[in-house]
Structures are given as C-alpha cells and as structure tokens.
Amino acid sequence: MHNGTKVGVISTILTAGCLLWILALVPRASAIPAFSRKYQTSCATCHNDYPELNDFGEAFKKNGFKFPMDDESFVKEPPVLLGAKAQKEAFPNAIYPGEIPGNIPISFRYSGNFIYNSKRPDAVAATSFTPRTDLFVPNTLTIIGAGSFGQNISFWIDNDISAAGSGANGGLGDGYAKFDVSHYVGLPSRVLNVRFGQFELDLPFSQARTIYPSPYDIFSETAVAQPTTTPGQTVFETTNNPFFLGTPQRGIELGGYANNRNFTWSVAFDDGTNSAYGLGPALSARNTKDVYVRVSQRFNLERDPQSRNAVQAAGPTGPRDHTSIRFGGFYYHGTNELNHPVNGSPQFTFLGTIQEPFYRAGGDLRFKYRNKIELFGVGMVGHDDNHTVDAVAQTISGARAVTFTGGFAGSNFWIYPWLIPYMRYDFVNSPTDFANGVSQYRTRNRFSPGFQVLVRANIKVIGEYQYHWGQPFIDPTTNNTLFFRPNSFVSGIDYVF
Amino acid sequence: MSTWKMAVKTVGVISFALIFASTGRAGDVKGKVSVQGIKSPENIAVYVDAIPGKKFDPPADHVAVDQRKMNFVPRVTVVLQGTTVDFVNSDSVAHNVYWPSVGGNKKLAHNLGTWPKGDKKSFQFTDLGTAALLCNVHPEMSAFVVVVPTPYFAVTDADGSFEMKDVPPGTYTLKTWSEDGKVTTQSVTVASGTANADLTVKK
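Which chain is which? The protein sequence lines are A and B, in order.
Per the numbering used here, residue -3 is the first one in the first sequence, and the count goes up by one each step.
Per the numbering used here, residue 15 is the first one in the second sequence, and the count goes up by one each step.
Just so you know, nobody snuck in bad clues.
Restricting the straight-line Cα-Cα distance to at most 20 Å, the calculated cross-link-like pairs of lysine to any residue (SDA-like) are: (1) B/44 x B/198; (2) B/135 x A/302; (3) A/57 x A/187; (4) B/134 x A/300; (5) B/46 x B/196; (6) A/57 x B/106; (7) B/46 x B/194; (8) B/68 x B/183; (9) A/72 x B/154; (10) B/120 x A/412; (11) B/131 x A/67.
Rather than coming from a laboratory, the hints here were simulated on the basis of the structure.
One chain only, chain A, in its complex shape (with noise of 0.2 Å):
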C-alpha cells in the first residue's frame, strides 16, 4: 500500500475510532428523582451511586418501579384513577381501569465534563487535531420519564439532548413498556414479563446507566474486515458490521425474575442494527431478526436464612446490600445483510444480497461485599461469517471469520457512602482491528482509574484517568509507523432533579 494512502487509512480509523468513542461516551442517565418525589425518599433509598442501583433499587425496579411491599402505603403522590377499581367488575363493558402518576413524571439530568489529552505526536496532530484541554464535551441534558401505569404496566423513556454528538439532535435512549404477564398464565408475580419499544439489551452491566463516563470497550466494539477500499482494489472482504452490544435495539423482550428475584433470564428479538456504509447504498434496517438471551443466578451468601430473603440485608448498623455472587452467560445472534439492491445500484451488481451471520457470546461474574466492595468482570467473543469477493472474476467465497474477544474487570469502592474510588481494565482482542492499524498489539488494552464524590445525594463530581493502548501513526521524516497513547483524563459534574 501507498505510504500516502497508509496514512490517510490510519488518519481514518483514527478518526472514526475517535468519533465513536466520544458518541459512546455522552452519558445515558437512568437516575430517576420522579420516584424521589412520588416517595419523598432521598436517592439514597434506590442508589448506592447513581444511576448505580442497591439492592433496594434493583427490587424495586424489577417490581416495575414499585416498592417491593405495600407500595401503596408509601405513595406520597397519589396516582390518577383512570377508572374506579370496581370498573374491572364491569368489564367488558367498560374500558379496564388503570391508573397514571399523579404528577407527570419527569426528570432531569445534565452531566458536563472536562477533559485533558495528553500531547498528540505532530504528525498526528497535522492530519487529526485533538485539543489538549476540552471543555464540557460532551455537554448533555437528559430527559427521563419512567413510573407505572397501575399495578403490571411500567414504562420508560429518556431522550438526551447534548451539544455535540448522537444527542445533538435529541436521541431517543430507552422508550419501552413493560408488561407483567405472568398472572394470566399462571405463574407468580414478575416471572414473566413483556417488553416493548426500543431498549437497551438485558446486558449484565448497563452500558446506559453506567457510573463511569467511559463505555466498556467489549460492548462498543463492530466487526470490519477492512474499513476503507483503495483505488483500484478488485478483491474486497465484505464484512462490515456496525452492530455493538451497547446501543439500544428496538424489539420485544420475553423476561422475568424467579427464585426470589436472585434468577433472571430474558429473551429479545429486535431490529438489530445492519450497514450503514460499505457495500451498497446505506441500509440501516433488514429482513431478519436478531435476538438475544441472557440468564443470570445471585447467589446470597448471607448466613441468616431471614436476612437473606429479605429485601435487604439487616446489619449491626442498619440495612444493607447483601454479599452475594452473581454468575451470568449471554448470546446474541443476527444475520448482517450487504449488498442490498436499493433503489437498483448495490455495489456488486452480479451478487445478490450477502448474508453473514454472527454471534456474540459472553459470560460475568459479579461479586459484592455488604456496602462495601464491588468486583466484577465480563469475558465475550464475537463471530462474523465473512467472505471475498472478486470484482473482476465476479466470484465470491467464503473467507476467514473476521472474530474478536475482550472484556472488562473492575472494582468499585465504598470509602464511605459519598466517596467511590473505582479501578477498571477493557481489553479487546481483535486480529482484524490489529491488521486495520487500529493499535500497535493484537490486544488493545486501556486502564480507567476514577473516583466519585456524592456532593449530595443528586449531585456528583467524577474523575477518570484513560490509560490507553498504543495507536499508530507515520512518521513523515522516516516513513515509519510509530505508536502514541491518547491518553486522557476526564472530569466533570452531574447532577439531576
């Protein structure tokens, strides 16, 4: 390859690589103080760092946003009769009575951070400019709504508005409802549920409502057998998957909660996510259907047989989260459609549609000690059929599967309830990033030390340093290919009402 192209190549993973990182990187908020205020109860009561859940705030959410037990007693804003509870004596003829919140339940979040880079090589800087300090970027208000519709109907929606990035422009997160079915066939409270809409995946860490300002790399990571073609090339390798774990999918999830809510298990179909570039004009949707499964299993460990199927764990200075263990696997699967003949131009006219199966597969782990200590840890691979196709033979083949596997480990410490250090390891393992010029090693590791400071219950000051793995870039006096880390530390403010 032309060392002028080589560079132009590497300037333009660099570039989309950089991009996609800061669109992964505008927060997606799930804290939610419309349940604060239908309570008047701190965040405290759901949050052990928000949106970082409790184990309160895990039953309360698998509840559908309830309070475990007797929410009715705890309502400080009474919902909305849309129907007296006699009404359902009456139907059919009548319409079913429901309810809706007694105030419209909405909140806010704005999240503002700062971040410094470390010095950029000049040659890297002359063709892909990154500023040593930036200034509230990504800069973003979200809009949440979330509550329930009487006593099995709950529902979600958030809407982030940021000053640059996929918000800019308002970008629907989450917008579901969620149905608790499991009454109508038999089986107890929240086993089985529905959901609709458009959602994030039951993913065994919430790339949306993390507590870092930095994505897990595994969840962002796309297939791409080779990202640019150069002028002149006749053999192509097809495979070009924008799909990553970490973004929302639209779909209908079958899910539920059993064995005291420590069990949880979903399945999703959805739209999935198919090329929005490469061969053939952008098709951003397909026939096929994806779909997803996740199964997980908490095991308590704590000793007192009461405590331990109660909500929370009772200690010598009050209620806790319990020490527990929690071990899940998950798979998704879909087909990637190429080369559709829109509008009746695809970019090989003598093929049809190519289709290229894939799959990711992973397992975590997940360890918490009272209120104390978090570990926790995901292993994934992922799997792209791929073929090559030869322009002047008009051939196609199959070729070498464009795979990857990855994951993250991490701690996160509670020095007291405001004050959250944290420490946490991504790395992914791709052989085709690799001969792509995406990083200087097969492996592409980075290292996020951070903390967390509750300045109040809603408000939050955080800090993160990105180690990062080496990159490439050419060196206009040698012509040779050196390696820099972009290195970065982020810090900013959060707050939500």
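Since the structure of chain A is provided, determine the placement of chain B on it from the hints.
Coordinates of chain B only, in the frame set by chain A:
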C-alpha cells in the same frame, strides 16, 4: 358547748382544711409558643427545667416511637431522664435507628441496628439533651428525643399551644427546645388552677 360555738368551730375547721388544700394542690401550665424566623411553632418541646434538690424517678411505662410510611412518628418526643423508649418498625421496608450524639456529645452516639416489621428495640435515655434520630437507608427520615430533667413537659401543636398538667405549686424556669430555634427560658409561678405562660422562640 352551745350549738353556735359548735357551728363556728366546724366552719373554721372546714375553712382551714380548704385553705390548706388549695395551697398544696397541683396546677396546670398552659400557654402558646410564637416563633420568629422559624417556619412553624409546631413540635417545639416546652419543659420545666431542673428543680434544685429534686430528683424524679423515671416512669415504668415505656414511650414508643414508630417508623411508619418512612416517617418517624411522632417527630418530637420528650422524655424524663431515665425513660426507656421503644422503637417500633411498622413498615414493610427495612429501617434502622441511630443518633450521632446526645446533647452534642458524640460519645453518646448509638446505633440500634435493624429489626423487622412488627418488632421493636428499646433504649434507656439516661443523659440529658437531644438525640436526633436518623435512619441509615432513608436519609430523609428524622425525629428527635428530648431528654429533660423533670416530668413536666409538653410538645406544641400546630398553632404553638401547649399544656402541662399537675405541676406542683412553685416558681420554675420554663425552657424550650426546637429543631431550628434557639433555647428560650421564662419564669412561671404555679399555684392552684392554671398558670399562663407565652413564649417566643427565635431562630
């Protein structure tokens, strides 16, 4: 003795008894607390301060403070020094009760732990002062136990009114405690009947 002399004697004895009785009979102290710079005159403790040379045995009956719908009930409880308070959990969520100090003395901080719905834990308050009751999982919950030296006390209602019954005759110092206001003192003299005392609590 003639009938007339007998009648005079009887009247004299009765009158003397009446006078004697009225001189030693307990009275009530009633009044109203007004506030300056504070939102409400409700839940202000009014009590008779320590009486030199007088000690009072704590009551055998316990006083109850409940946790209901994520609120402490009542918000302000006044108890005689040495009284035992029962802390009840009437909620189906886990609570606890702790206080970071009594009368500002952090060495008297205490945490009662956790107990389930329907159960109670008891604590005997042997030190004078105010304990701010808190719950460690519901930070918005708070209440107060005001430990006082005499059994003559009351808590104001919504309009600041209070009444203390069966206060022995004498001259005393009335004292107030409120969450947001300064301590106020006022002298009151109690005879038979009702003594009136109006106080003003300032921020």
